[in-house]
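Participant: The lines below spell out each chain.
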Amino acid sequence: VTWGDALAVAGGLAAGFLSGAIGIGGGLMFVPTMTVGLRLPQPVAQGTSLVAIVPTAIVGGATHFWQGNVLRRPALLMGGGGLVGAVAGALVAVEVPGDALARIWGGFLLFSALRLGLQAIRNPRRAQASQQD
Amino acid sequence: VGGGFVLVPLQVLWTDTSQRNANANSLVAIIAIAAAALPIYIFRKGSPQIDFHVAGFLVLGSVVGAFVGARVMGRIPDRQLKVAVAVVLGVVGVKQVLFP
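In the order they appear, the protein sequences are chains A and B.
So the first sequence is residues 1 to 133, counted in our numbering.
So the second sequence is residues 1 to 100, counted in our numbering.
Simulated from the structure, these hints should not be mistaken for laboratory data.
Stretch-level coverage of chain B by chain A, calculated; a stretch enters the list once three of its residues show a Cβ under 8 Å from a Cβ in chain A:
(1) 66 to 79
(2) 87 to 97
Which bits of chain B does chain A cover? Going by a derived footprint, with three or more residues having C-beta under 8 Å, they are:
(3) 11 to 24
(4) 55 to 61
So the derived label-pair ranges between C-beta atoms look like this:
(5) A:GLY37 x B:PHE99: 17 to 27 Å
(6) B:PRO77 x A:GLY89: 33 to 43 Å
(7) A:THR2 x B:ARG44: 29 to 39 Å
(8) A:ALA88 x B:GLY74: 31 to 41 Å
(9) A:LEU118 x B:PHE43: 41 to 51 Å
Glycine included, each C-beta is placed from N, C-alpha and C at the ideal position.
With the rest of the complex left out, here is chain A (with noise of 0.2 Å):
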């Protein structure tokens, strides 16, 4: 075992806390993690976060199940239509300028996170109240 392989360890672990803490993939630290800790190339550093995600999202899923939180109908539905999406777009890879699309999505992700905020300070009541649920 190298410093490298210890440094993955705690890398993997931060990534799956945030993972099961906040509902995503893990691969927003699953890459840095590679990239910028292991220097490994940015596409192996993608191949191999893939790889990670999936029994990561499945411990944290199951977890999640177990203690009652997921609601079945909805989790479903995404898990199929993002399924098909997922197909999708691997099958078309439509050539889209990279810069502009990070930029964009960019842009969402501060959208969201400008309306969550709002809506946790503006809403105290309502997201009491979804805490009891």
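Starting from the structure of chain A, add chain B where the hints point.
Facilitator: Relative to chain A, chain B alone:
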């Protein structure tokens, strides 16, 4: 991208799902999405660029992290959870806009 960054805010902002349920649903949906994307990725690329040695160590940490993270989420009030999600989305959003 895995899809969680779209699924989580979409549910909360448009369908009035609680943050807790949205995060949990998203992760379950990601299982299906990533499991579908993986074989396509492997077959489409002539030589899939995967470092299985690194993947093994990443997963070693991440499955423990995912279990702990999911357990911790169950104890965080919905409002604080919302703020945490907003902060992560905001940081990634700024990074994407400034350094695409």
